[in-house]
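Student: Model the full assembly from the supplied sequences, consistent with the hints where possible.
Residue numbers (this note's numbering), protein chains in the order written: chain F, 1 to 215; chain G, 1 to 234.
Please keep in mind that the hints were generated in silico from the structure rather than gathered at the bench. Note that CB positions come from ideal geometry on N, CA and C, so glycine has one too. Mixed in with the good hints, there may be bad ones.
[As the list claims (entries may be wrong)] A few chain G residues that face chain F, going by a derived Cβ cut-off under 7 Å, partial list only:
no., residue
1, Asn-2
2, Gln-6
3, Ala-133
4, Pro-141
5, Glu-151
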Amino acid sequence: MKLLISHIRKEYEGRTALKDCSYAFASGGVNVLMGPNGCGKSTLLRICSLLEEPDGGELIYSDNGSPLVPDMRLRRRMTLVLPRTGVFNTTVAKNIAYGLMIRNVPFAERDAKVEQALAFVGLAHKKMQNALTLSSGETQRLGIARALAIGPEILFLDEPTASVDEENTGIIEAIIGAMKHDGRTMVIMTTHDRDQAGRLADRLLIMSEGKISEG
Amino acid sequence: MNALLQSIYLAFDLILHLDPVLFGIILLSLKVSGLALLIATVFGLPIGAALGLKQFPCRALAISVTNTLMGLPPVVVGLFVYLLLSRKGPLGFMGLLYSPGAMIVAQTVLAAPIVIALCHSAIVNVDPVIRQAARTLGATPGQEMFAVIREARYGLLSAIIAAFGRVMAEVGAILIVGGNIAGYTRVMTTAIALETDKGNFELALALGIILLLISFAINAALHGVQKKGSVKTS
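Tutor: Set out below in C-alpha cells:
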C-alpha cells in the first residue's frame with residue numbers, strides 16, 4: 001500500500017497546524033518525521049491514519065496503482081500508537097486481543113496472534129497481568145504489540161519513546177528495527193531525538209511550519 | 001432495658017424459626033425492590049450512558065435535572081405516583097393503586113435518577129484516551145462507546161447497588177401508593193413503621209435486623225466492586 005499526501009491543510013481554531021503538506025510514502029521501510037513541537041507532526045499522523053479529516057488537500061491511498069476508498073475497511077488496515085497508550089482495565093493479553101476481537105478474528109487465530117505479539121515485544125511473562133500495573137515503558141510496548149497483533153500495513157508511531165526510560169527506549173527501537181527488516185509494515189513515526197532518527201530512518205523527513213521536506 | 005432485650009430475643013426467635021409472616025414480608029420487599037431496580041436499570045443505564053457519551057442540545061440541563069432528582073423525597077414521589085394512579089389520574093384505568101405494581105412504579109421513579117446520574121458519572125470518569133485507543137485500533141463508533149462502557153463497568157455496578165440500597169430502605173412512597181395491606185403490599189419498612197406504632201416490637205426489631213443485614217450485604221458488595229475496580233498502578 002502506498003500513501004500520497006498532496007497539499008494537506010489543517011487549522012485548529014485559527015491556528016495553522018499543517019500548511020500545504022505534500023509527500024509520497026512508498027510501501028515498506030521506516031519513515032521518520034522530525035521537527036519542533038507544534039510543527040504538525042501528530043496532526044499529520046492523525047490525518048494519515050484517517051482519524052481526522054484535513055481542511056484541504058488530498059490523501060490518496062493506493063494498492064497496486066488502484067486508489068482505495070478512505071472508509072472503515074481502509075482504516076482497519078493501519079493503526080496509530082499514541083504517545084500515551086490508553087490501556088483497558090484488563091489483562092495484557094486481552095488488551096492485545098482487542099483489535100482482533102473487533103475484527104471478529106476466530107478465537108484460535110486470535111490467541112496465536114496475541115502470543116506472537118507478546119513474544120515480539122518481550123511481554124510474554126506479563127500476559128495475565130492487569131495492563132494498568134505495567135510501567136510506562138512496558139505500557140508503550142503493549143501499545144505497539146496491540147497494534148502489531150492486527151497486522152497493519154501501515155503503523156503510525158507518535159513519539160513512541162517520549163515518556164519511557166533508556167532500557168525501554170532500546171527495546172522499542174529494537175522492535176522497530178525488527179519491523180524494518182521484516183519489511184511487511186510501513187512505519188511512519190515521529191521523534192524529537194536526532195540520534196534515534198539516524199538509527200531507525202530509511203527516509204528522514206523534516207517538518208517545519210506545517211510543511212514536509214526530505215532531510 | 002429488660003423489655004428491649006426481651007424484644008431482641010423474641011426477634012431472633014422469629015428469624016430462627018423462619019416465621020412465615022416475617023419471611024412473606026421479606027420476600028415481597030425483595031420482589032418489589034428487585035423489579036423496580038431491574039426496570040430502573042434497563043431504562044437508566046442507556047440514558048446514563050448517552051448522557052456520558054453523546055453531545056446533544058440541553059445535555060447540561062438534563063444532567064442537572066438528573067442530579068437534582070437523585071435527592072427526590074420519597075413522600076413527594078409517593079404523592080406524585082398516587083396522583084398518577086388514582087382513579088381520576090391519567091393512569092387510573094390501570095387499577096394499580098394499593099398494589100405491589102404501584103409500589104414498583106414508585107420505587108422505579110426513586111431508583112432511576114440514581115442509576116442514571118451514577119452511570120453518567122462512571123462513564124465521564126473513564127480516561128478519554130480509552131476511546132482514542134479503541135478508535136486507533138479500528139473500532140466503529142459503536143465499538144468505541146462499548147469500550148468506554150466496559151471500562152466503566154465497576155462504576156456502573158456500583159450505581160445499581162447504590163440504587164438498590166436506596167429503594168430497600170425507602171418507606172414514604174410505598175406507604176402512600178401501597179397502603180401497607182397485610183399479606184399484599186406490606187414490606188419490611190412499612191411493617192416496621194406499623195408494628196412500632198402497635199407496640200409489637202419483636203416483629204419490628206426482627207425486620208429491622210434483617211433490613212440491617214441486607215444493607216450490610218449491599219455495602220459489602222459495593223465495597224467489593226469498588227475494590228475490584230481500583231487497580232494498584234506502579
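Student: Looking back at the hints listed earlier, which ones does the structure fail to meet?
Tutor: 1, 2, 4
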